[in-house]
Structures are given as structure tokens and as C-alpha cells.
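Student: Modelling step: build the complete structure from the supplied sequences, incorporating the hints.
Sequence order for the protein chains is Y and F. Numbering follows the numbering used here, in which position 172 of the first sequence is assigned residue number 215; successive positions increment by one, without gaps. Numbering follows the numbering used here, in which position 19 of the second sequence is assigned residue number 20; successive positions increment by one, without gaps.
Treat the hints as calculated values from the structure; they're not laboratory data. The reader is advised that the hints may include incorrect statements.
As the list claims (entries may be wrong) - Chain F is faced by these chain Y residues, among others (derived, beta-carbon under 10 Å): (1) SER364; (2) PRO367; (3) ARG370; (4) LYS371; (5) LEU372; (6) PHE374; (7) LEU375; (8) LEU376; (9) VAL377; (10) ALA378; (11) LEU381; (12) ILE386; (13) PRO394; (14) ILE398; (15) ILE401; (16) ALA402.
Just so it is clear, CB atoms sit at the ideal spot from N, CA and C, and this is done for glycine as well.
What follows is the residue order along each chain.
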Amino acid sequence: MIMKRLSFLKQPLLAAVNDHLIDYPTPANLSYWWGFGSTAGICLILQILTGIFLAMHYTPHIDLAFLSVEHIMRDVEGGWFLRYMHANGASMFFIVVYLHLLRGLYYGSYTSPRELVWIVGVIILLLMILTAFIGYVLPWGQMSFWGATVITSLASAIPVVGTDITHWLWGGFSVDNATLNRFFSLHYLLPFIIAGASLVHIVALHQYGSNNPLGCSATVDKIPFYPYLLLKDLVGWVVFAIFFSGFIFFAPNLLGHPDNYIPANPMSTPAHIVPEWYFLPVYAILRSIPNKLGGVLAIGLVFVSLLILPFIHTSQIRSSSFRPLHRKLFFLLVADCLLLGWIGCQPVEDPYVLIGQIASIYFFLYFLVAMPLLGKVEQFLLQK
Amino acid sequence: MAKIPARLRSVTYTLSPMRTGVMHGLFKDWASGMAKRVTENAVDVGLFCALPTIATVMYASNYKEQEKLHHRY
Chain Y
44 MIMKRLSFLK QPLLAAVNDH LIDYPTPANL SYWWGFGSTA GICLILQILT
94 GIFLAMHYTP HIDLAFLSVE HIMRDVEGGW FLRYMHANGA SMFFIVVYLH
144 LLRGLYYGSY TSPRELVWIV GVIILLLMIL TAFIGYVLPW GQMSFWGATV
194 ITSLASAIPV VGTDITHWLW GGFSVDNATL NRFFSLHYLL PFIIAGASLV
244 HIVALHQYGS NNPLGCSATV DKIPFYPYLL LKDLVGWVVF AIFFSGFIFF
294 APNLLGHPDN YIPANPMSTP AHIVPEWYFL PVYAILRSIP NKLGGVLAIG
344 LVFVSLLILP FIHTSQIRSS SFRPLHRKLF FLLVADCLLL GWIGCQPVED
394 PYVLIGQIAS IYFFLYFLVA MPLLGKVEQF LLQK
Chain F
2 MAKIPARLRS VTYTLSPMRT GVMHGLFKDW ASGMAKRVTE NAVDVGLFCA
52 LPTIATVMYA SNYKEQEKLH HRY
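Tutor: Written as C-alpha cells, this is what we have:
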């Protein structure tokens with residue numbers, strides 16, 4: 044029986060599946076924090092599947108989009124479930140990916156030789172942000188319309204060509220039917236690009252294998268992915284399913300904005316235009332700079348900081364379990380991101396402006412100053 | 002005597018968590034294991050994550066309250 048299974052798994056395509064999902068050697072000491080990668084994969088699959096079924100009933104037209112979403116909720120069999128799963132699934136996807144990213148930061152998973160894994164991961168995050176943003180426009184509620192207007196108008200801050208780029212993004216002179224149509228088209232396309240990028244992420248990871256909580260090379264003490272790590276991941280998936288179900292069945296609108304249940308009205312601007320919760324930290328950084336172009340550049344710098352992280356990391360030690368100084372700065376960064384998220388949904392007035400500015404400064408100090416310097420400080424302290 | 006690493010492919014299907022007995026130790030010393038995990042980063046999380054977050058939110062709410070009172074009287 045065993046021999047039969049072994050010969051079966053030596054077939055061309057199945058051999059690849061076997062090498063990457065069954066026999067794939069993983070460090071023996073991986074903790075539950077390493078389960079968020081596979082959970083993110085599940086989120087992506089769920090989003091694509093629910094999205095395909097939602098697209099069968101959705102109409103990308105400004106006169107019908109809002110009504111078609113209501114039609115999905117009221118008339119389509121199980122439509123409410125599909126829609127709530129898709130809407131909350133986006134939030135769940137971001138929760139999982141943010142935790143996955145923080146784990147990578149804490150345990151130094153971005154350092155050599157896994158630079159490519161990190162860079163592809165940041166690109167996936169960028170694509171996710173883009174997909175989620177244009178997806179939020181599709182229900183054509185008040186927050187969809189005004190969110191799209193505010194965010195796409197940011198392109199107008201680019202000198203010389205800014206206005207042309209904004210008009211090109213809109214497909215006209217304002218956010219209108221052409222915008223909704225192209226956003227729907229792109230929202231359908233981008234998840235498949237994310238899926239492709241995720242495959243590249245996995246291939247890059249499997250070249251050198253997973254990092255581990257100790258941060259040291261674990262070439263000898265490795266165990267096969269199946270059954271050990273699969274079982275461990277399964278625990279995470281079950282906990283995630285319970286958490287996700289809690290939102291779908293008990294608080295489906297908790298993470299959304301009530302204004303999005305009002306049809307889009309270009310003649311009536313909402314009192315506060317707030318993006319979805321997962322954009323709030325970046326939105327707070329954007330608003331903390333009292334200059335449109337400066338804000339746009341700051342958003343760019345957030346992703347540049349993440350992209351260059353593997354190359355500015357100077358520490359000889361990978362895991363923060365053995366970097367007490369970095370651990371403190373890391374938890375401050377977590378607090379900083381939470382505060383930025385909170386500031387992002389507050390009105391632009393005192394004291395929120397000042398708090399947002401201080402939090403934004405710390406965010407960049409952590410990545411662009413602390414990360415390169417900390418390794419040298421650690422080296423100095425170790426030599427003393 | 003040095004340990005000879007086993008070939009993964011040859012052992013994958015003959016190993017089972019039950020057969021190798023790895024599950025026996027799962028709940029061994031459970032309480033101290035959990036205590037260690039919880040307290041490992043407790044001081045850093047408390048001082049550098051929870052404290053600044055709570056302190057900032059309290060400062061802001063106090064500021065708004067004072068501002069309200071200032072306008073009232």
C-alpha cells in the first residue's frame with residue numbers, strides 16, 4: 044500500500060505537490076505563529092470563490108449596483124451568506140496577513156536568504172490593498188463613492204501629470220459609471236494575480252525553507268509537512284473558522300460603515316469619510332502630513348520601508364527572542380500601528396493630529412533609523 | 002556516536018504521530034509550559050504595547066473632556 048502511494052506521488056505533477064505539501068521538510072520547532080501563511084491562502088481561496096458567485100448576480104452600473112447588492116442580500120438563495128462572507132472575508136484576510144507580517148518582523152524572517160520571500164509578500168500586500176479598495180467601491184454606497192473620490196484624487200497631487208492620471212483612473216471627469224466598470228473588471232482580475240504572486244511567494248520560501256522561532260538554520264532537525272505541520276495548521280484553521288463565523292453570523296456589519304447602506308449620492312458628502320479599518324493606519328499617516336503630495340509620498344515611503352527592510356537589517360541575530368532591545372521597539376511599533384488605526388477614524392482636530400504625527404514619525408523611525416542602527420548597537424554591546 | 006540523519010522520503014509514510022509516541026508528551030507539564038509562554042513577553046507587551054496605547058487613548062479622551070469643560074465655563 045505504502046509503495047503504491049509512493050509510486051503514485053512520483054508522477055510529474057503529483058511529485059511537485061508531494062515535494063511542496065507532503066514531504067516538504069519543515070523545522071521541528073515551528074510555533075502556531077507559522078500557521079498564518081496557510082490561513083491567508085485559505086482566505087484568498089474563499090474570497091475568489093465567494094467573489095465568483097457574487098459576480099453572477101452583481102451589476103456593475105451606477106443605477107443598478109446598489110440595488111443588485113440588495114438583490115443578492117434579499118432574493119438570491121444564500122446570497123446574504125455569500126456577501127457577508129466576502130465582505131468580512133476581506134477583513135479576515137487582512138487580520139491574518141497583518142499577523143503573518145508581524146510574525147515575520149518579530150522573528151526576522153525577512154533576512155537573508157529569504158529577501159525574495161519578503162519582497163513578494165509586500166507586493167502581495169500592495170495588490171491586496173488595491174483589490175480591497177476597488178472592491179469596497181462596488182456596492183456603490185455613500186462610503187464607496189466618497190472613498191473612491193478621495194483616494195483616486197490623491198493621484199492629482201503628482202506634479203504636472205497628476206490631473207491627467209486622475210481622469211485616466213476615473214475614465215472621465217468624475218467618479219462615475221466608467222470608474223465603477225473598470226473597478227469591477229480589475230477587482231475580478233487582481234485576485235488571480237495575487238494567487239500567482241502567492242505561488243511565487245511559496246516557491247521562493249521553499250527554496251531555503253521556513254525560518255523558525257530560534258532564527259538559526261535548521262537543516263538537520265526537520266520533519267515532513269504532512270502530517271505534523273498540517274495538523275498544527277489545522278488547529279489554526281479551526282480557530283480561524285470559529286472567529287470568522289462569529290462575524291458572519293453574529294456581527295456581519297461590525298467592521299463595515301453604516302453609510303454604505305445609503306446609495307451613493309454625489310450631491311451629499313458624508314460628515315466623515317473613513318476607509319475600511321485595514322487602511323486606517325496608512326490613512327492616518329496620509330492625514331498627518333498637511334500637504335497632499337507629502338501625504339502621498341509618505342504612503343509610498345511606508346511600502347518602500349517594508350521593501351528595503353531585508354537590505355537595511357544589520358543585526359547578526361535573526362529572532363527577537365534573543366534581541367531584547369528590538370523586542371521593545373517591536374511592541375512599540377505594534378502599539379504605534381494600533382494608535383495610527385485609531386487616529387485614522389478620528390476627526391482631523393486636536394489632539395488627534397499631534398498624536399497621529401508623533402505615531403507616523405515613530406513608524407518611519409522604526410524602519411529607517413532603528414532597524415539599521417540596532418544591529419550595530421547590539422554588536423557593540425556584545426563586544427563589551 | 003553521531004546521529005545519522007534519516008532520509009525523509011523513506012520515513013514519511015512509516016511515521017505517524019501516534020506510532021512514534023509524540024502525542025504522549027503533548028499535555029505533559031502543560032501548566033508550566035503555558036505559564037512560560039504567557040509570561041515570556043508579558044513585561045515587554047505590557048510596558049511597550051499596552052501601556053502606551055492605553056495612556057495615549059486616555060490622554061486624548063481627557064483632552065477632549067477638558068476642552069468641553071473649557072467651552073462650557
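Student: Look at each hint and say if it fits the structure.
Tutor: Results of checking the hints against the structure:
1. Against a cut-off of 10 Å between C-beta atoms, the interface hint on SER364 (chain Y) holds, since the closest Cβ of chain F lies about 8 Å away.
2. Checking PRO367 (chain Y) against chain F: minimum C-beta separation of about 8 Å stays under 10 Å; hint holds.
3. Contact between ARG370 (chain Y) and chain F, as hinted, is supported at the beta carbon level, the nearest pair being about 5 Å apart and thus within 10 Å.
4. Look at LYS371 (chain Y): its Cβ gets to within about 5 Å of chain F, closer than 10 Å, so that hint holds up.
5. Because the closest C-beta pair between LEU372 (chain Y) and chain F is about 8 Å apart, less than 10 Å, the hint holds.
6. The interface hint given for PHE374 (chain Y) is met, as the beta carbon of that residue sits about 4 Å from the closest beta carbon of chain F, less than 10 Å.
7. The criterion of a C-beta within 10 Å of any C-beta in chain F is met by LEU375 (chain Y), whose closest approach is roughly 5 Å, and the hint holds.
8. Satisfaction of the interface hint for LEU376 (chain Y) is found here, the shortest Cβ-Cβ separation to chain F being roughly 9 Å, below the 10 Å cut-off.
9. Given the 10 Å rule on beta carbons, the hint for VAL377 (chain Y) holds: about 5 Å separates it from the nearest Cβ of chain F.
10. With a cut of 10 Å, the hint placing ALA378 (chain Y) at the interface with chain F holds, because the nearest CB-to-CB distance is about 5 Å.
11. The closest approach between the C-beta of LEU381 (chain Y) and any C-beta of chain F is roughly 5 Å, which is under the 10 Å cut-off, so the hint is satisfied.
12. Interface restraint check: ILE386 (chain Y) against chain F, minimum CB-CB distance 9 Å, threshold 10 Å, status holds.
13. Because the closest C-beta pair between PRO394 (chain Y) and chain F is about 5 Å apart, less than 10 Å, the hint holds.
14. Because the smallest distance between the Cβ of ILE398 (chain Y) and any Cβ of chain F comes to about 6 Å, under 10 Å, the interface hint for this residue holds.
15. A hinted interface residue such as ILE401 (chain Y) counts as satisfied when its beta carbon comes closer than 10 Å to some beta carbon of chain F; here the least separation is about 9 Å, so the hint holds.
16. Checking ALA402 (chain Y) against chain F by beta carbon gives a least distance of about 8 Å; that is within 10 Å, so the hint holds.
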